[in-house]
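Chemist: Spelled out from the first residue to the last, the chains are:
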Amino acid sequence: MTERAVVRVSNVSKSFGGIKAVDDVSFEVFDGEILGVIGPNGCGKTTLFNCILGQYRPDRGRVELSGQDVSRWPPHRRANAGLARTFQLLQVFESMSVRDNLKTAAQEHIGSIGRRLFRSPDLGLGATVDRLIERFRLGHLADEPARNLSYGQQKLLDTAMAFVSDPAVVFLDEPAGGVNLTMLGDLRDRIQDLNQNDGTTFAVIEHNMEFIFGLAHRIVVMEQGRVLTVGTPDEIRDDPQVLEVYLGG
Amino acid sequence: MSTPLSIAAELEHRSDAIPELDRGRPSWPIALASIAATTLVVLLPIGRSDLSGLMWLWAMALAAVVGLNLWVPVESWNGLVVKWTSLAGAIAFLLVFPLGRTNATLVDLGLFVVFAIVCLGLNLTHGIAGQVSLAQAGFLGIGAYVSVLLDTGRPIAVAGIETTLPNLPFLLAIAVAGMTCMVFSVLIGFPALRVQGPWLAFVTLAFNLLVFLVLNNEAGLTEGSRGLRSMRTDLTVFGIDLFETRNYYYFCLVFLFAAAALVWWIVRSPWGRAFKALRDNPARAASLGVDIRAYTLLAFSIGAGLAGVAGALYARLIEYLEPRAFSIGQSFDFFLATVIGGLGTMVGPFIGVSFITVLTDRLRFTGDYYRVWFGLFVVVMTLVAPKGIAGSFNQLRSWLRSLR
Amino acid sequence: MSTFIQISFSGLATGAIFALAAVGFALLWQTAGAINFAHGEFIALPAIVMLLLGEDRPTLGIPEWVPGIGGTALGGPLPELGIVLAFVVTIPLAVLVLGYLFKVSLVDRLLTPGGNDIPLVIASLGLALTIREYLRVEFGARPEKFPSVFGTDRWRPGGIAISADDVGVLVVSILVILALQVFLRRTFLGRQMEAAAQSPDTARVLGIRVDRMILYTFAINAVLVTVAALLVAPTTHARWDAGLSLGLVAFTAAIIGGFNQVRGALFGGFLVGLLQNWSAYYVSSAYREAIPLLLLILVILWRPQGLFGIAEERRL
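Chains A, B and C, in that order, are what the protein sequence lines are. Under our numbering, the letters of the first sequence match residues 1 to 249, in that order. Under our numbering, the letters of the second sequence match residues 250 to 653, in that order. Under our numbering, the letters of the third sequence match residues 654 to 969, in that order.
Mixed in with the good hints, there may be bad ones.
Unchecked claim - Stretch by stretch, here's where chain B covers chain A in the computed footprint (C-beta under 8 Å, at least three residues):
| hint | region |
| --- | --- |
| 1 | 67 to 76 |
| 2 | 80 to 89 |
| 3 | 97 to 104 |
| 4 | 113 to 121 |
To be verified - Below, a list of computed lysine to any residue pairs in the SDA-like style, where the Cα atoms sit at most 25 Å apart:
| hint | chain 1 | residue 1 | chain 2 | residue 2 |
| --- | --- | --- | --- | --- |
| 5 | B | K636 | A | D143 |
| 6 | B | K636 | C | L764 |
| 7 | B | K636 | A | S95 |
| 8 | B | K636 | C | R762 |
| 9 | B | K636 | C | V757 |
| 10 | B | K636 | A | E94 |
| 11 | A | K20 | C | A848 |
| 12 | B | K332 | B | A282 |
| 13 | B | K636 | C | N769 |
| 14 | B | K636 | A | L149 |
| 15 | B | K636 | A | Q91 |
| 16 | B | K332 | B | L649 |
| 17 | B | K332 | A | P145 |
| 18 | B | K332 | A | E144 |
| 19 | B | K636 | B | I515 |
| 20 | B | K636 | C | A848 |
| 21 | B | K636 | C | P772 |
| 22 | B | K636 | A | E144 |
| 23 | A | K20 | C | D854 |
| 24 | A | K20 | C | F740 |
| 25 | A | K20 | C | P853 |
| 26 | B | K332 | B | Q644 |
| 27 | A | K20 | C | E847 |
| 28 | A | K20 | C | N913 |
| 29 | A | K20 | C | V858 |
| 30 | A | K20 | C | I744 |
| 31 | B | K636 | C | D770 |
| 32 | A | K20 | C | Q914 |
It should be emphasised that the hints constitute simulated quantities derived from the structure, not laboratory data. For glycine and all other residues, C-beta sits at the position ideal for the given N, C-alpha and C.
Construct the complete structure from the given sequences, taking the supplied hints into account.
Modeler: Quick look at the structure:
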């Protein structure tokens, strides 16, 4: 983990109607870290991610990836530049097999649209995809259509898809949501494995405090669209302001 | 430690490792049964216009082929045999059935082939990529008129301009027809790309209506509702006289096989996966790097191009081109036929097209109400079997597999 | 100039009918997310039904002594009354079939929250085909002359030719539209319906029976299409294929005006009516439908929420 900012968010604001969902938010994601993002319901975490990753256009502010201003880029372009994400609501490609899901997630980073048509159908991704399938323990389901998987398995697939293209930063939105205890441990192991062995940077929105506190190097606390404070898990745990935000004070 | 992507680069030129499947033991009875049944289906109708007594035998043979396809697991050796004999049988049927038929029947068969190309294209646009296009008949019309206009060197007058169009060789005219449609599709697809959802449906709807208006009113260009004479007395390609209906049928068949091969190849390629991602979950696809706009345009324009080529073929199959054949109602028909057949399957379009071509005669017992039943069938199908006929077939097959 | 006023007035009258059709279509889309491609057929069908009930048809077996309905020949003593009574009877029928039955048997089954709206598109296309072809087989032989409720008088105030039908159509449409607006804005039930349309989740939290509100919307739509049928049939004659063009106009008007605002759809309807008449006279009669269509494509390109609609950003 370094002190170099791989993603920099500067003064981002986003309103819907009269409601300020994200209000002048600035922070950095350091290369190689796992950054947690927490806050009470409705404080703007998902909206913030949507602004960073391109689903929403912020009203104001800038998003930079490794120094490059990506604020005006459509989502797929940001993805191809190294920003990957999962959504809060599980999203996989139901009609395709697990393997094809992963190939789809990986293929758009190889070559151009035109060239891709004329190479071999798998674009040499077979080994990569298989390795990821092994890492996420989905081997026995590799050729099943994604709709046949259980919720937890789909969740693992969804997360795996974010990694298959070797992204610089992965944004996870509530990865622990709806996942049972045994798989939760699995999930945490996968994330730590990728972070420590592959150097992948993470930004994770989470409600499950135990999960995120045991995983993150730093944590951003949000409240009503603004950043309340940033610190290590220990610092956050002891911060009276954070307590008040969660318990109402 | 090398990253997954660099390893992938190393392996790029090697073939992909497919885990060894247990394909089971080949079974001679199944192979023989498959070949026998398929042969019967292909050979029995030859030269006969009415099977009467042999009808039962033919129906049983067909049922046997269908049953084998349902029952035998696709991954096994037997499954491979069944699949390939069925495919060979289907091709043979299309090749052999026209022998000894009247010209009228050949024209009907030709229409089946041509409309199958249209529905193949629509299946790519909608069945695979999930984009609703209600303009296939419009593209069919553009292709038809463009190819006829370019092929006859006739003078045209539109918007005060009078020129004479060049006289292109037939094959070239077909290519131009297809490309013109692709260009138009990109032009009108573009507005719809800014938003997701039903907008392409509305834009294509409006486009088809506009096309019809132009075809109907610009008599200087298209002869309007009087009809444009499209039949030529000489139509020679590579030395073969295509004016003979039977030769023309085989000519169209070549295009059908080419179109089917093209669609099959695209669906199996990375484009196919991107299209399916676009259909299943566009937001997720975008977040994974899939360029939604580009792929929507691709799927739409390929479908349109195929309809354009089909239009060029269609024009020579009938004597006169009338705008009425390219109305919005016809677009609805193509769309519903593709849906009935089964979206996203290779077989689906062929099944669906039967409903709007060859079967309309066979089902005359319903009298004038045929299209009422057709519409009702669609409604009931969306409630009960939304995957269409071929899709339900696949579901049935999976279900049978799970019973084993 | 007088021609212009004449054409514009007539265009407004046509536009009023389009507005009614567009509002119904937009309401269903807005409240239930239901895009009904059979909307035009939903107008053509009541027209035929009213015609059947309003004139003597042996198959229906209505006894001759039933006033106004039985034994009335078109052009006979009381054709208007016959039609008016038929209209009154058709309204509850429409609400039952085009409202309740349609919702329960198709829309509810095919529209899953968070799911695709394509199955309903397909089903409504199939339904449109079914209705259209059935009408064609049963009644298609000749276009049925539909009597005008307002009579066939024509006047010339200040040299401008105006028909009683146009005036009647405008007056009735405006009354209906006003009644709808009053209902939606001023009555408790109406405001509940608006709330349910704007934000179903919030409405549920507030205790509003959203599903019931949606049902009422379907009922209102059924009434609107019946009124539209009554008003439009005299001009189009109760034709089996009138549904197709009416439906297309409804979509076009709703999208141009703004399908997520009632006044957007209203505006769209009047605009399309005017545009059609103007282009028919000043450009070319054959291309009268082209201008609205081009406008539709432009609107989708530049402002998909319509001229009066509110931009919606999908919450993810």
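Chemist: A separate judgement is required for each hint: does it hold in the structure or not?
Modeler: Cross-check of the supplied hints:
With a cut-off of 8 Å between beta carbons, the region 67 to 76 of chain A has 3 residues touching chain B; three or more are needed, and the interface restraint holds. Interface restraint, the region 80 to 89 of chain A with chain B: holds (4 residues with C-beta to C-beta distance below 8 Å; minimum three). Note: the region 97 to 104 of chain A has 3 residues with beta-carbon separation from chain B under 8 Å; the three-residue rule is met and the coverage holds. With 6 residues carrying a beta carbon less than 8 Å from a beta carbon of chain B, the region 113 to 121 of chain A meets the three-residue requirement, and the given coverage holds.
The straight-line distance between the Cα atoms of K636/B and D143/A is roughly 21 Å, inside the 25 Å bound, and the hint therefore holds. The straight-line distance between the Cα atoms of K636/B and L764/C is roughly 16 Å, inside the 25 Å bound, and the hint therefore holds. Restraint check for K636/B and S95/A: satisfied, since their Cα atoms lie roughly 12 Å apart, inside the 25 Å limit. Simply put, K636/B and R762/C have alpha-carbon atoms about 15 Å apart, close enough for the 25 Å limit, and the pair holds.
In summary, the hint linking K636/B to V757/C is supported, as the alpha carbons are separated by about 22 Å, within the 25 Å threshold. For the proposed pair K636/B and E94/A, the alpha carbon gap of about 14 Å is at most 25 Å, so the pair holds. Distance check on the hinted pair: K20/A and A848/C sit about 22 Å apart at the alpha-carbon level, within 25 Å; holds. Between K332/B and A282/B the alpha-carbon distance is near 13 Å, which keeps this suggested pair within the 25 Å criterion.
Restraint check for K636/B and N769/C: satisfied, since their Cα atoms lie roughly 14 Å apart, inside the 25 Å limit. Between the alpha carbons of K636/B and L149/A the distance comes to roughly 20 Å, so the proposed pair stays at or under 25 Å and holds. Only pairs whose Cα atoms come within 25 Å are accepted, and K636/B paired with Q91/A is accepted, the gap being roughly 21 Å. With a C-alpha separation of about 17 Å, the suggested pair K332/B and L649/B falls inside the 25 Å cut-off, and the hint holds.
Our distance criterion of 25 Å between C-alpha atoms is met by K332/B and P145/A, whose separation comes to about 21 Å. Straight-line distance between C-alpha atoms of K332/B and E144/A comes to about 21 Å, which keeps the hinted pair within the 25 Å bound. In summary, the hint linking K636/B to I515/B is supported, as the alpha carbons are separated by about 21 Å, within the 25 Å threshold. For the hint pairing K636/B with A848/C, the CA-to-CA distance comes to about 36 Å; that exceeds 25 Å, so the pair is violated.
A C-alpha spacing of about 10 Å is found between K636/B and P772/C, which places the hinted pair at or below 25 Å, so the restraint holds. The straight-line distance between the Cα atoms of K636/B and E144/A is roughly 18 Å, inside the 25 Å bound, and the hint therefore holds. For the suggested pair K20/A and D854/C, the alpha carbons sit about 20 Å apart, so the restraint of at most 25 Å is met. A threshold of 25 Å between alpha carbons decides the hint, and for K20/A with F740/C the separation of about 51 Å lies outside it, so the pair is violated.
For the proposed pair K20/A and P853/C, the alpha carbon gap of about 21 Å is at most 25 Å, so the pair holds. Proposed proximity of K332/B and Q644/B is supported: the alpha carbons are some 17 Å apart, at most 25 Å. Proximity of K20/A to E847/C is assessed by CA-CA distance (about 24 Å); at most 25 Å being required, the pair is judged to hold. Among the hinted pairs, K20/A with N913/C is consistent with the structure: their alpha-carbon atoms are about 23 Å apart, no more than 25 Å.
Straight-line distance between C-alpha atoms of K20/A and V858/C comes to about 22 Å, which keeps the hinted pair within the 25 Å bound. With a CA separation close to 46 Å, the supplied pair K20/A and I744/C exceeds the 25 Å bound. Of the pairs offered as hints, the one joining K636/B and D770/C holds, with about 15 Å between alpha carbons and a cut-off of 25 Å not exceeded. For the suggested pair K20/A and Q914/C, the alpha carbons sit about 24 Å apart, so the restraint of at most 25 Å is met.
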